[in-house]
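Taken in order, these protein sequences are the chains called A and B.
Residue 79 is where the first sequence starts when you use this note's numbering, and the numbers rise one by one after that.
Residue 8 is where the second sequence starts when you use this note's numbering, and the numbers rise one by one after that.
Some hints here could point you the wrong way.
[Unchecked claim] Here are a few chain A residues that face chain B, going by a calculated C-beta distance under 7 angstroms:
| no. | residue |
| --- | --- |
| 1 | 134 |
| 2 | 151 |
| 3 | 154 |
| 4 | 184 |
| 5 | 185 |
| 6 | 191 |
| 7 | 298 |
[Unchecked claim] Pairs of lysine-lysine, BS3-like flavour, derived with a Cα cap of 30 angstroms:
| no. | chain 1 | residue 1 | chain 2 | residue 2 |
| --- | --- | --- | --- | --- |
| 8 | B | 20 | A | 213 |
| 9 | A | 281 | A | 222 |
| 10 | A | 143 | B | 210 |
| 11 | A | 89 | A | 143 |
[Said to hold, decoys possible] Per label pair, the in silico range of CB-to-CB distance:
| no. | chain 1 | residue 1 | chain 2 | residue 2 | range |
| --- | --- | --- | --- | --- | --- |
| 12 | A | 298 | B | 260 | 36 to 44 angstroms |
| 13 | B | 35 | A | 109 | 28 to 36 angstroms |
| 14 | A | 245 | B | 146 | 40 to 48 angstroms |
| 15 | B | 263 | A | 318 | 22 to 30 angstroms |
| 16 | B | 40 | A | 211 | 32 to 40 angstroms |
| 17 | B | 174 | A | 302 | 35 to 43 angstroms |
| 18 | A | 99 | B | 97 | 39 to 47 angstroms |
| 19 | B | 183 | A | 202 | 50 to 58 angstroms |
Because the hints were derived from the structure by calculation, they are not lab data.
Every residue gets a Cβ at the ideal spot worked out from N, C-alpha and C, and that includes glycine.
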Amino acid sequence: MRDSERAISIKHLTKFYGKLQALDNISLEIKRGDFFAFLGPNGAGKTTTINVLTGLSNFQKGEAKAFGYNTVSEYTRTRRLIGLCAQEFNFDPFLTIHQLLVYQAGYFGIPPREASQRTDELLERFQLIEKRNVKHRALSGGMKKRLLICRALIHDPEILILDEPTAGCDLELKFLIWDHLTQLNNEGKTIFLTTHYMEEAEKLCKTIGIINHGRIVRIGNKQEVLRDKSLEAVFLEVTGQE
Amino acid sequence: MINNPIGVLALSKREIVRFLSVASQTIFPPLIASVLFMYIFGVAIGARIDFSSTGLSYLGFIVPGLMTMHLISTCYENTTSSLFIARWHNHIQEVLLSPLSYFEMVLGLLAGGVARGIIVCVGVYIVALFFTPLPIMHPFLLAFFILTIAVIFSCGGMMGALWAEDFGMLSLWSIYIIIPLVMMGGVFHPMTMLPDIVRHISKFNPMHYLVDGMRYSVTGVSDSSILVCALISLTLALGTFFATVYMFRIGYKLRT
């Protein structure tokens, strides 16, 4: 597989928090345009893997690459390729949501006029345009979720990483986010999604990986992983959960 | 070294707009404090002090010291509070996830502290002109000292913000180290007024050279060699800047 076709490549990644091993020699590859679900129980290593990919965590061994660029030695390149929709609402509390996205675009080298235009387009697309001049505290939980996605998309990244984007969402919002993600994937974006909702992974994703105790215990395209079973059954089987 | 100038400008703008939007808390308090210092120490008490040996009035002597003191404290406070709050709310991730290099991140975050320090420092000088005529003897040298001191303490503030675990730890460096050293560095007194032993110890206080450099730039009078003052100021500015870049590079309390 050429590097232009290999969106994410992780090899022998090992990560410790003190004495606790969070990732144990994991390796995985995700193709350009894939919709990858990364599943696992709480504390299995999903968010740690994301943090390593995005440069928010150091690690002890192995390597991570985005489109062939090393996430450590070529971090200024890989960060342009990746957009992260984090789990928590970590917005600057002093800025309106429009300012917040314009500044974020600025950090990615997008000139102010283009940044403002792109911000309005995203706010329109995610139905937040009427809130453009309020601070994030004034938004509902669902709106904040959508704002997280807007922020991740502001620089039009090739890879979109979402850490439990629908956790705590009502059905309407969940379906709305699913529609947006499907559309983004159809537009060619590679999507890396973590979730605890099996039906979400089963419905949206083309490839599935399951991690448990820092080790990848199952990975492959959806058909290979499921083998005529439900995802929930496979998940319980490989993670040893009741 | 700067590959993403728009990114650096965006981060700088955010940092500058942040303190300008609350000018009543960030700009005016040091100016009000300066007026009080100048009136009480310079006018009310200073008029009774015989200061003829220095060739300056007491008020003329303390103004460069006050400029330095407020320059130091505002630069430090600005970057400390901005970066620590960003860590506390975790919106520092907005910067950490961006393609800014660590050098560029520090440069952008530095801009707020430096800009605020310069505004306050110039403001203190303008306020002083209401009390005493005080022409600047060496304007380019003054610009050099203001810039290097602003860099030293803006970077110091960032290091303090990275080191601190909670709001209580945030001001420890300022209260127990920086303010005492600045006060003992000659803001209100010439070194010749001190007992011999204290004067010798003060030679190891870097703040003394910063205050003295500022004083020479404004008044043309100093205790120490101006070359030594300039070298110390430049060395500290470069040292703190690259130390801060290093802390970002290794992700000190920024990456897990």
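Verification of the hints:
1. Because the beta carbon of residue 134 (chain A) sits about 6 angstroms from the nearest beta carbon in chain B, less than 7 angstroms, this interface hint is met.
2. Taking 7 angstroms as the C-beta contact cut-off toward chain B, the hint placing residue 151 (chain A) at the interface is violated, the least distance being around 12 angstroms.
3. At about 4 angstroms, the closest approach between the beta carbon of residue 154 (chain A) and any beta carbon in chain B falls short of 7 angstroms, and the interface hint on this residue holds.
4. A distance limit of 7 angstroms between C-beta atoms decides the matter here; for residue 184 (chain A) the minimum to chain B is near 3 angstroms, and the interface restraint holds.
5. Against a cut-off of 7 angstroms between C-beta atoms, the interface hint on residue 185 (chain A) holds, since the closest Cβ of chain B lies about 4 angstroms away.
6. Nearest Cβ of chain B to the Cβ of residue 191 (chain A): about 11 angstroms, over the 7 angstroms cut. The hint is violated.
7. Among the interface hints, the one on residue 298 (chain A) is violated; its C-beta lies about 29 angstroms from the nearest C-beta in chain B, farther than the 7 angstroms criterion.
8. Pair hint residue 20 (chain B) plus residue 213 (chain A) holds up; C-alpha atoms about 18 angstroms apart against a cutoff of 30 angstroms.
9. For a cut-off of 30 angstroms, the pair hint linking residue 281 (chain A) to residue 222 (chain A) stands: about 24 angstroms separates their Cα positions.
10. Note on residue 143 (chain A) and residue 210 (chain B): the hinted pairing is violated, with a Cα-Cα distance of about 52 angstroms set against a maximum of 30 angstroms.
11. The suggested pairing of residue 89 (chain A) with residue 143 (chain A) holds, with an alpha-carbon distance near 9 angstroms, which does not exceed 30 angstroms.
12. Between residue 298 (chain A) and residue 260 (chain B) the beta carbon distance is about 39 angstroms. The supplied range of 36 to 44 angstroms therefore holds.
13. At roughly 58 angstroms, the beta-carbon separation of residue 35 (chain B) and residue 109 (chain A) lies outside the given 28 to 36 angstroms, and the hint is violated.
14. At roughly 59 angstroms, the beta-carbon separation of residue 245 (chain A) and residue 146 (chain B) lies outside the given 40 to 48 angstroms, and the hint is violated.
15. Distance hint check for residue 263 (chain B) and residue 318 (chain A): the Cβ-Cβ separation is about 27 angstroms, which falls inside the suggested range of 22 to 30 angstroms.
16. The hint said 32 to 40 angstroms for the Cβ distance between residue 40 (chain B) and residue 211 (chain A), and at roughly 35 angstroms that hint holds.
17. One distance hint, 35 to 43 angstroms for the beta-carbon pair residue 174 (chain B) and residue 302 (chain A), is violated here, with the actual separation near 52 angstroms.
18. The supplied range of 39 to 47 angstroms is broken by residue 99 (chain A) and residue 97 (chain B), whose beta-carbon atoms lie about 24 angstroms from each other.
19. Between residue 183 (chain B) and residue 202 (chain A) the CB atoms are about 52 angstroms apart, so this pair conforms to the stated range of 50 to 58 angstroms.
Checked against the numbered hints above, the structure violates hints 2, 6, 7, 10, 13, 14, 17, 18; every other hint is satisfied.
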